[in-house]
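K.L.:
Sequence:
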Amino acid sequence: MPLISGTQRNRGRPRPSSPSSSSSHAQPKRRATRLPDYEPPSYPLDNVSRRELAELSNNVDTRKYEEQLKQSITLLTNNVRDINDRYVKKRHELEKFRKRQRAQSEDDGENPETRQRGRAEEEAVMRLREAVPALTAECESAVRNVIDLRVELEDGRKAIQDTVRKAELERANAVEEDQEGGDNGATDEDDDLIMRNTQHGILGPLRILKNEREKAAADYATRSLEERYAVDNDYIGFKRLWWDAVHSVDGKPLPDASRWFTRNSAGGDDSGDDEEEDLVIAEEHISIYCPLSMVVMEEPYTSSVCKHTFNKPAIVQFLRSQPGHVAQCPQTGCSKEISVKDFYDDQVMLRKIKRAQAEKERQGEEGEDEDGVDIEDSTLQPRSIKAERARERGNQLLANLKLDPEEDDAI
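Using this note's numbering, read the sequence shown as starting at 42 and increasing by one per residue.
Source of the hints: derived by calculation from the structure; they are not laboratory data.
No experiment lies behind these values; they were computed from the predicted model shown.
You may find that some hints are simply not true.
Restraint-style ranges between C-beta atoms, simulated for each label pair [to be verified]: (1) Ala298 <-> Asp78: 41 to 51 Å; (2) Gly292 <-> Asn120: 51 to 61 Å; (3) Tyr79 <-> Ser182: 16 to 26 Å; (4) Asn274 <-> Arg139: 39 to 49 Å; (5) Ser182 <-> Ser380: 50 to 60 Å; (6) Gly374 <-> Leu116: 35 to 45 Å; (7) Ser83 <-> Lys348: 53 to 63 Å; (8) Glu107 <-> Ser380: 15 to 25 Å; (9) Asn120 <-> Gly365: 38 to 48 Å; (10) His366 <-> Arg396: 32 to 42 Å.
Just so you know, even glycine gets a beta-carbon here, dropped at the ideal spot from N, CA and C.
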(Lines of atoms letter the chains of each structure in order from A and count residues from 1; the text may use other names and numbers.)
(Lines give C-alpha, C1' and ligand atoms only; values in the text may rest on other atoms or scores of the structure.)
Protein backbone atom coordinates (compact mmCIF):
# COMPACT_ATOMS: atom_id res chain seq x y z
CA MET A 1 0.00 0.00 0.00
CA PRO A 2 1.53 3.34 -0.97
CA LEU A 3 2.25 5.85 1.77
CA ILE A 4 0.19 8.45 -0.08
CA SER A 5 -2.94 7.31 -1.86
CA GLY A 6 -4.02 8.64 -5.19
CA THR A 7 -6.76 10.67 -3.52
CA GLN A 8 -4.25 12.30 -1.17
CA ARG A 9 -1.80 13.02 -3.97
CA ASN A 10 -4.50 14.85 -5.93
CA ARG A 11 -5.75 16.74 -2.87
CA GLY A 12 -5.16 20.45 -3.18
CA ARG A 13 -4.65 20.40 -6.92
CA PRO A 14 -7.02 22.54 -9.04
CA ARG A 15 -9.62 20.48 -10.82
CA PRO A 16 -9.70 20.75 -14.59
CA SER A 17 -12.29 23.25 -15.69
CA SER A 18 -15.39 21.96 -17.43
CA PRO A 19 -15.71 22.61 -21.14
CA SER A 20 -16.99 26.06 -21.97
CA SER A 21 -20.57 26.34 -23.16
CA SER A 22 -19.25 28.18 -26.18
CA SER A 23 -17.21 25.17 -27.30
CA SER A 24 -18.98 23.45 -30.12
CA HIS A 25 -16.92 20.26 -30.06
CA ALA A 26 -15.63 18.22 -27.07
CA GLN A 27 -11.92 17.47 -26.88
CA PRO A 28 -11.23 13.91 -28.06
CA LYS A 29 -9.89 11.57 -25.34
CA ARG A 30 -6.32 10.39 -25.76
CA ARG A 31 -5.74 6.69 -25.66
CA ALA A 32 -3.03 5.49 -23.30
CA THR A 33 -0.02 4.40 -25.24
CA ARG A 34 0.84 0.77 -24.47
CA LEU A 35 4.52 0.20 -23.83
CA PRO A 36 6.14 -2.67 -25.67
CA ASP A 37 6.99 -5.83 -23.78
CA TYR A 38 10.42 -5.98 -22.19
CA GLU A 39 13.03 -7.68 -24.32
CA PRO A 40 16.30 -8.87 -22.81
CA PRO A 41 19.41 -7.32 -24.35
CA SER A 42 21.18 -9.06 -27.19
CA TYR A 43 24.49 -7.40 -26.46
CA PRO A 44 26.38 -6.79 -23.19
CA LEU A 45 26.40 -3.33 -21.59
CA ASP A 46 28.93 -0.80 -22.80
CA ASN A 47 31.30 1.08 -20.48
CA VAL A 48 28.97 4.05 -19.95
CA SER A 49 26.02 1.86 -19.03
CA ARG A 50 28.06 -0.21 -16.60
CA ARG A 51 29.39 2.95 -14.93
CA GLU A 52 25.88 4.35 -14.53
CA LEU A 53 24.75 1.04 -13.07
CA ALA A 54 27.60 1.09 -10.56
CA GLU A 55 26.59 4.58 -9.37
CA LEU A 56 23.23 3.24 -8.22
CA SER A 57 24.93 1.40 -5.33
CA ASN A 58 26.00 4.78 -3.89
CA ASN A 59 22.68 6.53 -4.41
CA VAL A 60 22.14 9.47 -2.01
CA ASP A 61 18.51 8.51 -1.36
CA THR A 62 19.64 5.05 -0.29
CA ARG A 63 22.07 6.49 2.25
CA LYS A 64 19.32 8.73 3.64
CA TYR A 65 17.08 5.70 3.99
CA GLU A 66 19.84 3.88 5.87
CA GLU A 67 20.21 6.84 8.25
CA GLN A 68 16.46 6.79 8.88
CA LEU A 69 16.61 3.09 9.73
CA LYS A 70 19.45 3.72 12.15
CA GLN A 71 17.50 6.54 13.80
CA SER A 72 14.49 4.24 14.13
CA ILE A 73 16.61 1.69 16.01
CA THR A 74 17.82 4.43 18.37
CA LEU A 75 14.31 5.71 19.10
CA LEU A 76 12.90 2.23 19.68
CA THR A 77 15.80 1.33 21.99
CA ASN A 78 15.40 4.51 24.02
CA ASN A 79 11.65 3.97 24.30
CA VAL A 80 12.09 0.45 25.68
CA ARG A 81 14.67 1.74 28.14
CA ASP A 82 12.42 4.57 29.34
CA ILE A 83 9.21 2.58 29.81
CA ASN A 84 10.99 -0.23 31.66
CA ASP A 85 12.91 2.27 33.77
CA ARG A 86 9.62 3.87 34.78
CA TYR A 87 8.00 0.54 35.61
CA VAL A 88 10.95 -0.67 37.69
CA LYS A 89 11.17 2.66 39.49
CA LYS A 90 7.46 2.69 40.38
CA ARG A 91 7.62 -0.92 41.51
CA HIS A 92 10.66 -0.21 43.69
CA GLU A 93 8.94 2.86 45.18
CA LEU A 94 5.86 0.76 45.95
CA GLU A 95 7.97 -1.80 47.80
CA LYS A 96 9.58 0.91 49.92
CA PHE A 97 6.19 2.51 50.57
CA ARG A 98 4.79 -0.82 51.78
CA LYS A 99 7.69 -1.24 54.19
CA ARG A 100 7.14 2.22 55.63
CA GLN A 101 3.42 1.58 55.80
CA ARG A 102 3.90 -1.67 57.75
CA ALA A 103 6.32 0.01 60.15
CA GLN A 104 3.93 2.91 60.68
CA SER A 105 0.93 0.64 61.26
CA GLU A 106 2.86 -1.28 63.90
CA ASP A 107 3.67 1.93 65.75
CA ASP A 108 0.63 4.18 65.31
CA GLY A 109 -1.99 1.97 63.68
CA GLU A 110 -3.17 2.08 60.07
CA ASN A 111 -3.86 5.53 58.64
CA PRO A 112 -6.82 5.68 56.18
CA GLU A 113 -5.10 8.35 54.10
CA THR A 114 -1.96 6.26 53.88
CA ARG A 115 -4.00 3.19 52.95
CA GLN A 116 -5.71 5.11 50.15
CA ARG A 117 -2.39 6.34 48.82
CA GLY A 118 -1.08 2.79 48.89
CA ARG A 119 -3.98 1.57 46.79
CA ALA A 120 -3.38 4.33 44.24
CA GLU A 121 0.31 3.35 44.02
CA GLU A 122 -0.62 -0.31 43.56
CA GLU A 123 -3.10 0.53 40.79
CA ALA A 124 -0.45 2.60 38.99
CA VAL A 125 2.05 -0.26 39.18
CA MET A 126 -0.55 -2.77 37.98
CA ARG A 127 -1.35 -0.60 34.95
CA LEU A 128 2.33 -0.42 34.09
CA ARG A 129 2.70 -4.14 34.69
CA GLU A 130 0.06 -4.82 32.04
CA ALA A 131 1.15 -2.18 29.54
CA VAL A 132 4.97 -2.25 29.65
CA PRO A 133 5.52 -5.90 28.55
CA ALA A 134 3.14 -5.45 25.61
CA LEU A 135 4.78 -2.18 24.55
CA THR A 136 8.21 -3.75 24.94
CA ALA A 137 7.20 -6.69 22.76
CA GLU A 138 5.92 -4.31 20.08
CA CYS A 139 9.18 -2.35 20.13
CA GLU A 140 11.24 -5.54 20.00
CA SER A 141 9.26 -6.75 17.00
CA ALA A 142 9.71 -3.35 15.34
CA VAL A 143 13.46 -3.48 15.93
CA ARG A 144 13.62 -6.84 14.19
CA ASN A 145 11.60 -5.45 11.27
CA VAL A 146 13.94 -2.48 10.94
CA ILE A 147 16.94 -4.81 10.99
CA ASP A 148 15.29 -6.88 8.25
CA LEU A 149 14.83 -3.73 6.18
CA ARG A 150 18.45 -2.74 6.74
CA VAL A 151 19.65 -6.20 5.67
CA GLU A 152 17.43 -6.01 2.60
CA LEU A 153 18.99 -2.63 1.79
CA GLU A 154 22.52 -3.98 2.24
CA ASP A 155 21.73 -7.06 0.15
CA GLY A 156 20.23 -4.84 -2.53
CA ARG A 157 23.37 -2.74 -2.68
CA LYS A 158 25.52 -5.85 -2.91
CA ALA A 159 23.22 -7.26 -5.59
CA ILE A 160 23.80 -4.15 -7.71
CA GLN A 161 27.56 -4.49 -7.24
CA ASP A 162 27.39 -8.16 -8.23
CA THR A 163 25.25 -7.19 -11.21
CA VAL A 164 27.93 -4.73 -12.36
CA ARG A 165 30.62 -7.37 -11.92
CA LYS A 166 28.69 -10.04 -13.81
CA ALA A 167 27.76 -7.58 -16.54
CA GLU A 168 31.48 -6.93 -17.01
CA LEU A 169 32.08 -10.69 -17.24
CA GLU A 170 29.35 -10.98 -19.87
CA ARG A 171 31.03 -8.32 -21.96
CA ALA A 172 34.48 -9.86 -21.52
CA ASN A 173 33.18 -13.31 -22.46
CA ALA A 174 31.35 -11.90 -25.48
CA VAL A 175 34.49 -10.17 -26.76
CA GLU A 176 36.59 -13.29 -26.21
CA GLU A 177 34.10 -15.54 -27.99
CA ASP A 178 33.84 -13.09 -30.89
CA GLN A 179 37.60 -13.13 -31.30
CA GLU A 180 37.78 -16.92 -31.14
CA GLY A 181 34.65 -17.65 -33.14
CA GLY A 182 35.44 -15.64 -36.24
CA ASP A 183 32.79 -16.25 -38.90
CA ASN A 184 29.72 -17.68 -37.18
CA GLY A 185 27.97 -18.63 -40.42
CA ALA A 186 25.00 -16.30 -40.05
CA THR A 187 23.20 -15.60 -43.31
CA ASP A 188 21.52 -12.32 -42.34
CA GLU A 189 21.32 -9.77 -39.53
CA ASP A 190 18.46 -11.46 -37.62
CA ASP A 191 20.23 -14.81 -37.56
CA ASP A 192 23.38 -13.06 -36.35
CA LEU A 193 21.54 -11.48 -33.36
CA ILE A 194 19.96 -14.79 -32.37
CA MET A 195 23.28 -16.59 -32.58
CA ARG A 196 25.06 -13.92 -30.52
CA ASN A 197 22.44 -14.00 -27.77
CA THR A 198 22.53 -17.81 -27.57
CA GLN A 199 26.28 -18.14 -27.90
CA HIS A 200 27.21 -15.51 -25.30
CA GLY A 201 24.48 -16.49 -22.81
CA ILE A 202 23.64 -12.83 -22.03
CA LEU A 203 21.12 -12.47 -19.21
CA GLY A 204 21.17 -8.70 -19.01
CA PRO A 205 21.36 -6.53 -15.86
CA LEU A 206 17.67 -6.80 -14.97
CA ARG A 207 17.67 -10.60 -14.85
CA ILE A 208 21.04 -10.69 -13.05
CA LEU A 209 19.84 -8.20 -10.43
CA LYS A 210 16.60 -10.13 -9.87
CA ASN A 211 18.50 -13.40 -9.47
CA GLU A 212 20.94 -11.89 -6.96
CA ARG A 213 18.18 -10.35 -4.86
CA GLU A 214 16.16 -13.56 -4.83
CA LYS A 215 19.23 -15.55 -3.83
CA ALA A 216 20.02 -13.17 -0.94
CA ALA A 217 16.39 -13.16 0.27
CA ALA A 218 16.22 -16.96 0.19
CA ASP A 219 19.44 -17.23 2.18
CA TYR A 220 18.22 -14.77 4.82
CA ALA A 221 14.87 -16.58 5.12
CA THR A 222 16.60 -19.85 6.04
CA ARG A 223 18.43 -18.30 9.01
CA SER A 224 17.18 -18.79 12.54
CA LEU A 225 16.26 -15.87 14.82
CA GLU A 226 19.58 -16.28 16.61
CA GLU A 227 21.51 -16.15 13.33
CA ARG A 228 19.61 -13.06 12.19
CA TYR A 229 19.63 -10.95 15.34
CA ALA A 230 21.89 -12.34 18.08
CA VAL A 231 24.98 -11.35 16.08
CA ASP A 232 23.60 -8.00 14.92
CA ASN A 233 25.17 -5.04 16.75
CA ASP A 234 21.94 -3.01 16.66
CA TYR A 235 19.94 -5.81 18.23
CA ILE A 236 22.69 -6.56 20.78
CA GLY A 237 22.65 -2.92 21.88
CA PHE A 238 18.86 -2.96 22.09
CA LYS A 239 18.81 -6.19 24.10
CA ARG A 240 21.52 -5.06 26.54
CA LEU A 241 19.82 -1.75 27.28
CA TRP A 242 16.41 -3.41 27.62
CA TRP A 243 17.79 -6.02 30.01
CA ASP A 244 19.65 -3.43 32.08
CA ALA A 245 16.47 -1.40 32.47
CA VAL A 246 14.49 -4.45 33.62
CA HIS A 247 17.20 -5.63 36.04
CA SER A 248 18.63 -2.29 37.17
CA VAL A 249 17.76 -3.12 40.79
CA ASP A 250 18.69 -6.80 41.09
CA GLY A 251 21.66 -6.58 38.71
CA LYS A 252 20.88 -9.91 37.06
CA PRO A 253 23.34 -10.57 34.20
CA LEU A 254 22.25 -10.83 30.59
CA PRO A 255 22.00 -14.50 29.47
CA ASP A 256 24.05 -15.85 26.62
CA ALA A 257 22.76 -14.89 23.16
CA SER A 258 21.85 -18.53 22.47
CA ARG A 259 19.05 -18.17 25.05
CA TRP A 260 17.60 -14.88 23.81
CA PHE A 261 14.97 -16.47 21.59
CA THR A 262 13.86 -19.35 23.76
CA ARG A 263 10.30 -19.56 25.02
CA ASN A 264 11.08 -18.36 28.55
CA SER A 265 13.30 -15.42 27.62
CA ALA A 266 10.73 -13.06 26.07
CA GLY A 267 10.02 -11.17 29.26
CA GLY A 268 13.61 -10.98 30.38
CA ASP A 269 13.13 -13.67 33.02
CA ASP A 270 14.95 -16.99 33.12
CA SER A 271 14.39 -19.76 35.55
CA GLY A 272 15.19 -23.37 36.27
CA ASP A 273 18.57 -24.93 35.68
CA ASP A 274 20.44 -21.66 35.10
CA GLU A 275 19.37 -19.90 38.30
CA GLU A 276 22.46 -20.88 40.30
CA GLU A 277 24.74 -20.00 37.37
CA ASP A 278 23.17 -16.54 37.13
CA LEU A 279 23.68 -15.97 40.85
CA VAL A 280 27.37 -16.78 40.52
CA ILE A 281 27.83 -14.50 37.51
CA ALA A 282 25.96 -11.69 39.25
CA GLU A 283 28.69 -11.56 41.88
CA GLU A 284 31.36 -10.74 39.27
CA HIS A 285 32.98 -7.38 39.97
CA ILE A 286 32.63 -4.79 37.21
CA SER A 287 35.25 -2.07 37.42
CA ILE A 288 34.06 1.44 36.65
CA TYR A 289 37.64 2.68 36.30
CA CYS A 290 39.44 3.00 32.97
CA PRO A 291 42.35 0.49 32.82
CA LEU A 292 44.46 3.12 31.05
CA SER A 293 43.85 6.37 32.93
CA MET A 294 42.43 4.82 36.13
CA VAL A 295 39.73 7.48 36.39
CA VAL A 296 36.00 6.85 36.62
CA MET A 297 34.81 6.40 33.05
CA GLU A 298 32.61 9.29 31.97
CA GLU A 299 32.49 8.09 28.34
CA PRO A 300 32.70 4.27 28.48
CA TYR A 301 33.95 2.93 25.16
CA THR A 302 33.72 -0.85 24.74
CA SER A 303 35.49 -3.04 22.20
CA SER A 304 33.29 -5.40 20.20
CA VAL A 305 36.35 -7.66 19.77
CA CYS A 306 37.32 -8.37 23.38
CA LYS A 307 34.48 -6.66 25.33
CA HIS A 308 36.89 -4.56 27.44
CA THR A 309 35.83 -1.02 28.30
CA PHE A 310 37.92 2.13 28.53
CA ASN A 311 37.32 5.83 28.89
CA LYS A 312 36.87 7.05 25.32
CA PRO A 313 39.45 9.87 25.31
CA ALA A 314 42.14 7.62 26.81
CA ILE A 315 41.73 4.66 24.44
CA VAL A 316 41.35 6.88 21.37
CA GLN A 317 44.52 8.76 22.28
CA PHE A 318 46.33 5.47 22.87
CA LEU A 319 45.28 3.88 19.56
CA ARG A 320 46.02 6.99 17.49
CA SER A 321 49.58 6.86 18.74
CA GLN A 322 50.05 3.29 17.42
CA PRO A 323 51.30 2.32 13.93
CA GLY A 324 48.27 1.95 11.70
CA HIS A 325 46.08 2.89 14.68
CA VAL A 326 46.02 -0.82 15.65
CA ALA A 327 47.41 -2.28 18.88
CA GLN A 328 47.07 -5.08 21.38
CA CYS A 329 44.34 -4.42 23.94
CA PRO A 330 45.99 -2.67 26.93
CA GLN A 331 43.81 -4.58 29.39
CA THR A 332 45.98 -6.91 31.47
CA GLY A 333 45.90 -10.47 30.12
CA CYS A 334 44.20 -9.60 26.81
CA SER A 335 46.02 -10.43 23.57
CA LYS A 336 43.36 -9.25 21.09
CA GLU A 337 44.26 -6.66 18.48
CA ILE A 338 41.92 -3.66 18.49
CA SER A 339 41.35 -0.44 16.55
CA VAL A 340 39.10 2.58 17.04
CA LYS A 341 36.53 1.24 14.57
CA ASP A 342 35.96 -1.77 16.88
CA PHE A 343 34.61 0.41 19.71
CA TYR A 344 31.12 1.67 20.49
CA ASP A 345 29.63 4.01 23.09
CA ASP A 346 28.50 1.70 25.88
CA GLN A 347 25.26 3.13 27.26
CA VAL A 348 24.71 0.14 29.55
CA MET A 349 28.08 0.62 31.27
CA LEU A 350 27.34 4.34 31.63
CA ARG A 351 24.09 3.50 33.41
CA LYS A 352 25.92 1.11 35.75
CA ILE A 353 28.52 3.76 36.55
CA LYS A 354 25.85 6.34 37.36
CA ARG A 355 24.00 3.84 39.57
CA ALA A 356 27.23 3.01 41.41
CA GLN A 357 27.97 6.69 41.97
CA ALA A 358 24.43 7.33 43.17
CA GLU A 359 24.69 4.39 45.58
CA LYS A 360 28.01 5.68 46.88
CA GLU A 361 26.50 9.11 47.52
CA ARG A 362 23.50 7.53 49.25
CA GLN A 363 25.74 5.44 51.51
CA GLY A 364 27.88 8.48 52.22
CA GLU A 365 24.87 10.49 53.32
CA GLU A 366 23.68 7.66 55.55
CA GLY A 367 27.15 7.34 57.04
CA GLU A 368 27.30 11.05 57.82
CA ASP A 369 23.87 10.91 59.43
CA GLU A 370 24.92 8.05 61.68
CA ASP A 371 28.36 9.05 62.93
CA GLY A 372 29.62 11.91 60.77
CA VAL A 373 32.13 9.69 58.98
CA ASP A 374 32.08 9.18 55.20
CA ILE A 375 31.83 5.60 54.04
CA GLU A 376 34.66 4.46 51.80
CA ASP A 377 33.10 2.49 48.96
CA SER A 378 35.55 -0.12 47.72
CA THR A 379 33.94 -0.05 44.30
CA LEU A 380 34.46 3.68 43.82
CA GLN A 381 37.57 4.18 45.98
CA PRO A 382 40.13 1.51 44.97
CA ARG A 383 42.75 1.52 47.72
CA SER A 384 44.09 -2.00 47.31
CA ILE A 385 47.69 -2.67 46.29
CA LYS A 386 46.44 -4.31 43.08
CA ALA A 387 44.48 -1.21 42.07
CA GLU A 388 47.40 1.10 42.82
CA ARG A 389 49.70 -1.07 40.73
CA ALA A 390 47.18 -1.00 37.88
CA ARG A 391 47.12 2.80 38.09
CA GLU A 392 50.91 2.94 37.99
CA ARG A 393 51.00 0.54 35.05
CA GLY A 394 48.47 2.62 33.09
CA ASN A 395 50.37 5.84 33.75
CA GLN A 396 53.65 4.18 32.82
CA LEU A 397 52.18 2.86 29.59
CA LEU A 398 51.01 6.33 28.59
CA ALA A 399 54.35 7.81 29.64
CA ASN A 400 56.27 5.30 27.50
CA LEU A 401 54.17 6.40 24.55
CA LYS A 402 55.02 10.02 25.37
CA LEU A 403 51.40 10.72 26.26
CA ASP A 404 50.29 12.78 29.23
CA PRO A 405 48.62 10.53 31.86
CA GLU A 406 46.67 13.54 33.16
CA GLU A 407 45.54 14.66 29.73
CA ASP A 408 42.59 12.28 29.78
CA ASP A 409 40.72 14.54 32.18
CA ALA A 410 41.16 17.56 29.94
CA ILE A 411 39.95 15.94 26.73
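K.L.:
Look at each hint and say if it fits the structure.
P.N.:
We went through each hint and held it up to the structure:
1. Ala298 <-> Asp78: 41 to 51 Å: holds (50 Å)
2. Gly292 <-> Asn120: 51 to 61 Å: violated (23 Å)
3. Tyr79 <-> Ser182: 16 to 26 Å: At roughly 38 Å between Cβ atoms, serine 182 and tyrosine 79 fall outside 16 to 26 Å, so the hint is violated.
4. Asn274 <-> Arg139: 39 to 49 Å: holds (41 Å)
5. Ser182 <-> Ser380: 50 to 60 Å: Given range 50 to 60 Å: violated, Cβ gap about 34 Å.
6. Gly374 <-> Leu116: 35 to 45 Å: holds (38 Å)
7. Ser83 <-> Lys348: 53 to 63 Å: holds (56 Å)
8. Glu107 <-> Ser380: 15 to 25 Å: holds (23 Å)
9. Asn120 <-> Gly365: 38 to 48 Å: holds (40 Å)
10. His366 <-> Arg396: 32 to 42 Å: holds (33 Å)
Going down the numbered hints, you'll see the structure goes against 2, 3 and 5, while the others check out.
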